[in-house]
Every structure is written in structure tokens, then in C-alpha cells.
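Asker: Sequence:
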Amino acid sequence: EPTAPPATAAAAEEGVDPGASEEAAAEAKQRGAERFKEKDFAAAEAEYSAAIRTTPPGKGELHALYSNRSAARLQLAAGAVGDDCAVAALADARRCVELKPDWPKGHFREGNCLRQLGCFADAIRAFHAGKALEPENKDWDKEVEKVEQLRSVGQPALARQLLFAFLPELLGAWVRGRDPTGVLQVQLNGELSELGAAKWRLVRLGKTHPKAQLRFAFLRRKDYLANLVANLQTPPADGSVATVDVEGKPLKIAEIAAFFPEQQDDSASAAVHIDVRRDGKLVALLCRIPCDEVVARFIGSRKEPDPPKGAVDSVLKLQRGSGFPKALPKLLGFQAFPGDLNFPVIDLPRDAPGECSGA
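Residue numbering for the sequence shown follows our numbering, beginning at 6 and increasing consecutively.
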């Protein structure tokens with residue numbers, strides 16, 4: 006989650022107009038209000054700027070002018086590319102709070118701007134500051150709830166909730182791999198917006214956690230990277246492999262290799278790569294989850310499926326065409342969630358030793 010930008014309005018523009026007077030400022034303010042009502046926000050911003058410039062030093066209600074211009078700029082931000090308008094609106098809101106810290110509306114403006122910028126923690130603090138000035142006003146709690154709702158459906162929040170939902174299975178499978186530098190690769194057949202929904206939100210909506218099909222594959226780091234290089238160079242035509250991250254940015258081998266180093270400084274962390282759907286397309290979520298000896302003992306051992314009774318050639322052939330073109334997983338398992346994890350269904354050294362890659 007981003008932190009609030011260091012936006013501060015320049016007080017130097019206050020009262021700089023040669024014709025500065027309270028009358029001129031009041032007229033410009035009135036014109037700004039009319040333009041705002043007409044939804045001509047660019048003209049409203051210009052009029053409020055004129056009012057700020059024509060307000061004599063020490064006169065008028067500058068804090069209200071900054072509040073009004075902040076509102077106009079935030080409206081402009083809604084249809085703008087980039088965050089410049091929202092940052093400018095935040096600067097005005099902060100100048101408003103600086104001029105009159107005991108005025109609740111200034112904190113309301115600041116919270117709105119921060120929410121628009123995705124700075125949810127800072128937005129909540131701004132709304133709490135406003136509530137402290139108006140403890141009986143229930144609208145402050147509603148604003149905080151709006152922020153929490155937005156935060157809960159943002160990509161970082163969805164990714165965290167997804168990890169929490171499947172954490173026991175993820176750590177259990179990684180510990181079973183018995184290789185501190187291995188990578189657990191998981192493919193989730195479901196939407197991130199649904200699988201990553203916070204439990205409190207599901208309860209509020211009267212819903213249960215959606216069902217999902219999962220494939221768990223444990224590989225040596227070297228094999229994982231070899232497959233990744235091949236998949237990024239020639240992605241499968243069926244889209245069965247993610248080539249971008251949850252923000253839509255292309256995956257880069259160098260960055261992933263650095264994130265999952267060959268010799269980890271912290272050997273007590275599980276390296277996990279999850280492919281999950283976002284708007285129908287697979288995206289990748291990479292993470293390192295703390296998993297020291299204490300955690301491993303707490304996870305304990307799971308009852309493993311019985312070895313396959315027949316040949317596993319057809320299953321392995323399917324895996325080669327769906328994400329593992331260069332090296333097959335050392336361990337392969339599946340889960341129908343909610344339900345028990347079946348891992349490993351295939352133990353390559355045990356069930357098909359001839360398919361094991363070299364050291």
C-alpha cells in the first residue's frame with residue numbers, strides 16, 4: 006500500500022494579486038461555487054485559485070478556499086491520467102488543515118484525497134482526526150468503512166488474504182519438499198477477487214469461501230527457473246501459465262532469480278509461486294513465507310496418498326504441456342478446496358526415476 010506523498014501547498018500564492026481585496030476574493034469564490042455546481046471543475050479550480058491570490062494577507066477565510074479548490078481538483082483527478090490532480094488536491098487539503106486544524110472539513114478533504122491516491126492507512130488517520138473533532142458525527146465511521154472496503158478489494162489485500170486462506174497447505178507442501186532452496190509452484194483455478202476475499206467480507210455478504218481446484222508442484226530452484234525461462238520465451242497457447250504479475254507487469258527472470266536466491270540469507274522461508282486468475286487471465290504472485298523449524302514442527306506431517314498403482318506417463322505428459330516444458334516437478338499433488346490436500350500424488354524419484362533431471 007502506498008504512503009502519502011509529501012504534498013504541501015505553496016502559501017506564496019496567497020494574496021499575490023496586485024488587486025487583492027476581500028471583495029475581489031469573495032466574488033471569485035462565488036464564481037467558483039457556481040462553476041462547481043455546474044460541474045465545470047476546471048473553471049471552478051481557476052476561480053478558487055483567483056480567490057486565493059486576491060485574498061489579502063491575514064484576511065478572509067483562506068482555509069475554506071483551499072478546501073473548495075481541493076474538492077474541485079479531486080473531481081478533476083477522477084477523469085485524469087496519473088495522480089497529479091489528486092496530489093494537488095491533497096496539497097490544498099493539507100494547507101487547509103494547517104490554516105485551521107480544528108475545522109473538521111479540512112480533515113475530510115485530506116482523507117478523501119488520500120483515499121483517491123490509495124493511501125488507505127493515511128486516509129483512515131485523517132478521518133479519525135476529523136472524528137476526534139466531531140465524536141458524535143457517525144459519518145466519520147462511514148468514511149472509514151468506505152476506505153476499509155476499498156482496501157479489502159485492492160490487489161495487495163487480495164493477495165494477502167489468498168495466502169492466509171491457503172497458508173497451511175502451502176507450508177505443508179513446501180516442508181514436504183525437504184529442500185530449503187526449492188520452490189513451490191501452485192496453480193489456482195479461480196478468480197483472485199473471489200479467492201482473496203476477506204473472511205469478514207464474506208460473512209457480511211452471507212457468502213462462503215468459493216471452491217477451487219489447485220495443483221501443487223515442488224521443484225528445485227534450477228528447474229523452476231528453467232521452466233520459467235521457457236514459458237516466458239514461448240508462452241503456452243492455451244494461457245495455462247502466467248506471464249505477468251498481479252499488477253499486470255511482465256515477469257522478469259532476473260528479478261525473480263534475485264527474489265528466490267540460490268543461497269537464501271534466510272533459509273527458513275518458503276519460496277512460493279502462485280498462478281491465479283484475474284479477470285480470466287492468469288497472473289503470478291511470488292512470495293517468501295517465514296517457515297522456521299518451529300513453524301515446521303507446528304505444521305507436522307500429513308497423511309500422504311498411496312503411491313500410484315499404474316504408470317504415470319500420461320499425467321507427466323500433461324504436465325509438460327501445462328507449465329513444465331524443461332523439467333518435471335519433483336513432487337506433484339492436487340487439492341479440491343475446501344478439502345484435504347493430496348500431496349504428493351506423484352513422487353518423481355519414486356514413481357518415474359528416469360524422468361528426474363540431473364543435479
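To be clear, the hints were calculated from the coordinates, so they are not data collected in a lab. Any given hint could turn out to be false.
[As the list claims (entries may be wrong)] Calculated pairs, DMTMM-like style, for lysine to aspartate or glutamate (alpha carbon to alpha carbon, straight line, at most 20 angstroms):
1. Lys64 with Glu18
2. Lys216 with Asp280
3. Lys308 with Asp356
4. Lys314 with Asp250
5. Lys254 with Glu196
6. Lys216 with Asp184
7. Lys331 with Asp356
8. Lys143 with Asp107
9. Lys204 with Glu150
10. Lys286 with Asp250
11. Lys64 with Asp22
12. Lys44 with Asp22
13. Lys64 with Glu103
14. Lys151 with Glu141
Please read all numbers here as calculations on a predicted model, not as lab measurements.
Asker: Each hint should be assessed against the structure and marked as holding or not.
Answerer: These are the hints, each one checked on the structure:
1. Distance restraint check for Lys64 and Glu18: the Cα-Cα separation of roughly 14 angstroms lies within the 20 angstroms cut-off, and the hinted pair is therefore satisfied.
2. With a CA separation close to 16 angstroms, the supplied pair Lys216 and Asp280 stays within the 20 angstroms bound.
3. The straight-line distance between the Cα atoms of Lys308 and Asp356 is roughly 18 angstroms, inside the 20 angstroms bound, and the hint therefore holds.
4. As the CA atoms of Lys314 and Asp250 are separated by approximately 38 angstroms, the hinted pair breaks the 20 angstroms bound.
5. Under the criterion of a C-alpha separation no larger than 20 angstroms, the hint pairing Lys254 with Glu196 is consistent with the structure, at around 18 angstroms.
6. In summary, the hint linking Lys216 to Asp184 is not supported, as the alpha carbons are separated by about 30 angstroms, beyond the 20 angstroms threshold.
7. With a C-alpha separation of about 18 angstroms, the suggested pair Lys331 and Asp356 falls inside the 20 angstroms cut-off, and the hint holds.
8. Restraint check for Lys143 and Asp107: satisfied, since their Cα atoms lie roughly 18 angstroms apart, inside the 20 angstroms limit.
9. For the suggested pair Lys204 and Glu150, the alpha carbons sit about 16 angstroms apart, so the restraint of at most 20 angstroms is met.
10. This hinted pair checks out: Lys286 and Asp250 have alpha carbons roughly 11 angstroms apart, not beyond 20 angstroms.
11. The hinted pair formed by Lys64 and Asp22 meets the criterion: a straight-line CA distance of about 14 angstroms does not exceed 20 angstroms.
12. With a C-alpha separation of about 26 angstroms, the suggested pairing of Lys44 with Asp22 is violated against the 20 angstroms cut-off.
13. For the suggested pair Lys64 and Glu103, the alpha carbons sit about 16 angstroms apart, so the restraint of at most 20 angstroms is met.
14. A C-alpha spacing of about 18 angstroms is found between Lys151 and Glu141, which places the hinted pair at or below 20 angstroms, so the restraint holds.
Hints 4, 6 and 12 from the earlier list are contradicted by this structure; the remaining hints agree with it.
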